[in-house]
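Kindly generate the complete structure, drawing on both the sequences and the hints.
Spelled out, the chains give:
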Amino acid sequence: MTFKRKATPFAVLTVAALALTACAQSDRDDSGSDSGSSGGGTSTFTFGAAGAPKVMDPFYATDGETFRVTRQMFEGLVGIKAGSAEVEPELAEKWEPDASGTNWTFTLREGVKFTDGEPFNADAVCKNFTRMFDQNPAGQVAAEYWATTFGAFKAKAAESLYKGCEVKDEKTVVLSVTRPTSGFPTFLSLDALSMQSPKAMDAGKANDVVAQGEGFTYPAYSKAAVGTGPYKLDKYDEANKTVTLVRNDDYWGDKAKNAKVVFKIIPDESTRRQELEAKSINGYDLPNPADWKGLESAGNKVEVRKPFNVFYMGLNPTKNPKLTDIKVRKAIYQALNRDELVKTQLPEGAKVATQMMPDTVSGYNKSLEAVKYDPAAAKAAITAAGGLTLTFAYPSEVSRPYMPNPQKLYQAMAGDLEAAGIKVNTVTKPWNGGYLDGVDANAFDAFLLGWTGDYDSAANFIGTFFGNMDANNFGLAKQSFGPTLVADLAKADSIVDETERDKAYEKLNQQIQEEYLPALAISHSPPALVVGEGVEGIVASPLTAEEFSGVTVGGK
Amino acid sequence: MLRFIVRRLVQMVGVLVVLSLLLFLWLRSLPGGTVSAILGERATPQSRAAMEAQFGLDQPIWVQYGKFVGRVLQGDFGPSTSVLPGTDALTIFFQRLPATIELSFFAMLIAIALGIPLGYFAARRRASLLDNASVIFSLVGIAIPVFFLAFLLKYVFAIKLGWLPVSGRQSGDVDATRVTGFFVIDGLITREFDASWDALKHLVLPSIALASIPFAVIFRITRASVLDVLDEDYIRTAESKGLTNRVIRGRHILRNAMLPVTTTIGLQIGALLAGAVLTERVFSFGGLGEALALSFERRDYPVLQVLILAAAAIYVLVNLLVDIMYAVIDPRVRTR
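Chains as they are written, first to last, in full-length UniProt numbering: chain W, 1 to 556; chain V, 1 to 336.
Keep in mind the hints are simulated off the structure, nothing from the lab.
Please read all numbers here as calculations on a predicted model, not as lab measurements.
Take these hints with a grain of salt, some might be off.
To be verified - Among the chain W residues that face chain V by a calculated CB cut under 10 Å, a handful are:
no.	residue
1	D63
2	V141
3	Q212
4	T217
5	E238
6	P267
7	I281
8	G434
9	G438
10	T464
11	A471
The beta-carbon is built from N, C-alpha and C at its ideal position, and this holds for glycine as well.
Now the structure itself:
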């Protein structure tokens with residue numbers, strides 16, 4: 001009796017275990033086939049990612065962690081030259097506009113197939129653009145990059161930059177826009193606007209995005225999206241927080257040199273570093289600048305990117321009318337010892353900014369010089385203006401590539417301002433706990449923020465900052481120059497001729513720095529990524545758009 | 001007994017309803033939120049307004065709460081916005097639950113396997129070297145912060161000695177089949193024994209770190225409880241009756257001493273989640289604790305709501321189970 005009672009649970013457990021064993025089978029492929037059979041290497045490149053990819057369909061992605069994964073699997077009509085921000089042919093071999101700059105003829109690459117075997121051709125291109133343009137209300141909010149580049153969707157077609165797509169023949173397609181703009185076709189290099197298999201999109205109901213609660217629910221396709229790139233998705237093991245990509249052996253270009261890329265999601269930066277030290281990952285992004293030397297002395301390679309960002313001090317006159325006075329704004333600029341700031345607070349390779357965009361962007365004005373540190377002149381101007389009290393805010397709980405340590409940067413800057421006789425009221429709020437909302441709501445006179453560019457266009461920098469009278473953080477409506485600046489930016493953006501357009505932007509950069517000063521450009525910082533010993537072939541991209549197909553680990 | 005269980009379950013529903021309201025109001029009163037978390041510095045007043053309208057955040061708070069309750073009653077907490085964007089928050093909970101159970105199980109196993117025998121022998125050999133050393137050891141276990149111990153273990157055994165993995169639940173290059181979500185069990189039932197072994201290695205350091213406090217508490221309670229029981233008259237009676245040591249130990253000392261220890265173990269299981277937040281974060285162990293920390297940092301309200309409500313439900317349930325266990329161990333409780 002006693003035996004029976006004690007034995008029953010064990011018997012139940014044993015039966016359950018046997019049942020599970022009978023049901024469960026290993027998914028492993030025992031055929032012994034080697035994914036390196038196409039002649040590529042056999043290594044696995046494991047990268048430590050800071051966050052989980054949002055979706056595998058880049059169209060609805062907005063964050064770097066997602067794009068890092070999708071970039072290996074998808075390609076756009078236009079690509080980016082490795083190690084630079086310059087565009088180069090990718091799925092389109094060439095493109096040219098008509099005289100109006102609104103109709104662009106793209107000649108497509110031949111012999112390209114999606115990883116589901118479907119051909120890539122003019123029809124596929126038009127189906128992609130039709131799909132992107134025709135979004136339901138939730139999709140229109142979720143597809144942020146289309147909204148920021150083309151402006152509007154089919155529901156508000158009149159407001160959209162996108163006009164249409166026409167198949168001329170199998171390899172020729174004409175994309176039309178409603179007005180000429182400097183960003184087009186450069187922004188077609190954005191990962192979000194990559195080409196995807198129309199057949200797979202149809203089958204997976206790719207556009208069925210639903211706003212549910214406080215987030216979006218994406219269709220099944222978003223976890224199994226299909227592109228043309230050098231890799232395809234093997235599996236996303238959500239429980240183990242790993243994404244595994246395998247080489248696309250039918251890739252049209254040079255095959256990937258490694259057999260697999262694994263993204264291991266490790267949210268904590270110090271743990272990523274420890275994983276690299278333990279050699280269980282081969283690299284990670286954005287190592288803390290304070291760790292660069294230590295990482296290198298341990299045999300790792302810190303790949304420093306060319307700066308493609310700007311760190312600035314925003315000035316908003318909405319609550320502080322004194323900030324409408326250019327002399328006051330210039331005095332604040334003169335009060336800041338930016339040379340010292342760059343030397344002591346920013347990573348090696350950082351530069352003092354002379355304008356609101358880095359020198360890697362077309363339209364950069366090389367003749368501009370940095371406003372000189374002159375605390376005496378600043379003090380005199382502030383005194384002449386009857387003094388200045390500034391509600392100056394900085395974010396906590398955040399580190400950005402252009403602003404690695406906001407608190408230290410702020411302390412140095414606030415110290416400079418006080419030395420010039422400016423009374424500073426410090427405000428600090430968590431980045432996502434009131435800071436960004438506060439900046440948008442004009443809550444601060446001055447604030448620290450920055451921008452990492454998406455593509456090589458002045459419109460993506462100064463156009464984004466100052467191109468909209470209502471939607472800006474600088475109180476342009478209160479500034480006398482506001483309407484002129486907004487109109488001039490729109491005019492420059494619509495110039496078809498590249499040389500003329502660059503000249504217009506150069507002039508605008510000069511005006512912004514010398515006549516307007518709606519914000520004070522502080523610096524450009526080079527973000528870095530780090531790879532372990534034995535990793536070869538990684539090319540650091542200013543756009544943080546590294547491709548991993550050329551990477552080998554341990555020579556394999 | 002049944003009435004007792006039903007009453008406690010009804011109380012639990014009340015607790016969860018009140019908690020859900022407080023939680024909802026508290027999260028909405030925090031500055032920032034989902035929209036800022038999604039849009040970051042790219043937010044414009046227009047994109048912010050469009051997103052708020054899509055999510056219904058432009059409606060009065062009581063309307064939002066009503067909709068939230070309506071959805072929750074259908075088991076829909078909404079999709080995650082940053083922990084695993086797009087995935088239903090409840091799915092994330094069930095996906096990550098096995099990790100935390102696995103980790104808590106091993107931590108508790110270590111704590112009980114060490115705490116009870118050590119506590120018993122320390123009490124039986126009171127004031128001996130073993131007793132003094134064990135007491136000091138347990139004090140260190142309580143005093144040392146979990147995250148510090150976790151960092152220390154990781155530094156020594158994973159980074160410097162390289163014996164064990166630094167973080168995660170399984171190595172990225174292990175091709176494992178998922179069945180139950182319990183990685184060790186999955187490897188056994190699919191006969192991918194290397195996957196089980198790899199998962200076990202990943203469990204060692206976080207389990208030890210997480211076990212430190214429950215071990216110390218269980219040890220101290222066992223020791224104190226055994227000391228109390230040893231002073232009882234019925235032990236002297238048992239000894240004078242000539243009962244064997246084995247019978248006295250098993251039936252009289254341990255069984256009676258186990259009552260407070262069982263309560264403590266129950267409470268410690270509930271408290272493990274608090275420790276798991278730190279341990280899982282340090283070891284990037286993909287369980288509920290890590291999800292809780294991430295969802296708070298990144299304002300992932302759907303996930304945060306599921307996790308806090310589930311934690312409350314688990315806490316209440318575990319206490320209910322402890323009460324039932326109490327009744328099983330001590331028949332007198334059943335009659336009260």
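Hint check results:
{"no.": "1", "hint": "D63", "in the structure": "8 Å, holds"}
{"no.": "2", "hint": "V141", "in the structure": "5 Å, holds"}
{"no.": "3", "hint": "Q212", "in the structure": "5 Å, holds"}
{"no.": "4", "hint": "T217", "in the structure": "5 Å, holds"}
{"no.": "5", "hint": "E238", "in the structure": "6 Å, holds"}
{"no.": "6", "hint": "P267", "in the structure": "6 Å, holds"}
{"no.": "7", "hint": "I281", "in the structure": "8 Å, holds"}
{"no.": "8", "hint": "G434", "in the structure": "3 Å, holds"}
{"no.": "9", "hint": "G438", "in the structure": "8 Å, holds"}
{"no.": "10", "hint": "T464", "in the structure": "9 Å, holds"}
{"no.": "11", "hint": "A471", "in the structure": "4 Å, holds"}
Checked against the numbered hints above, the structure breaks none of them.
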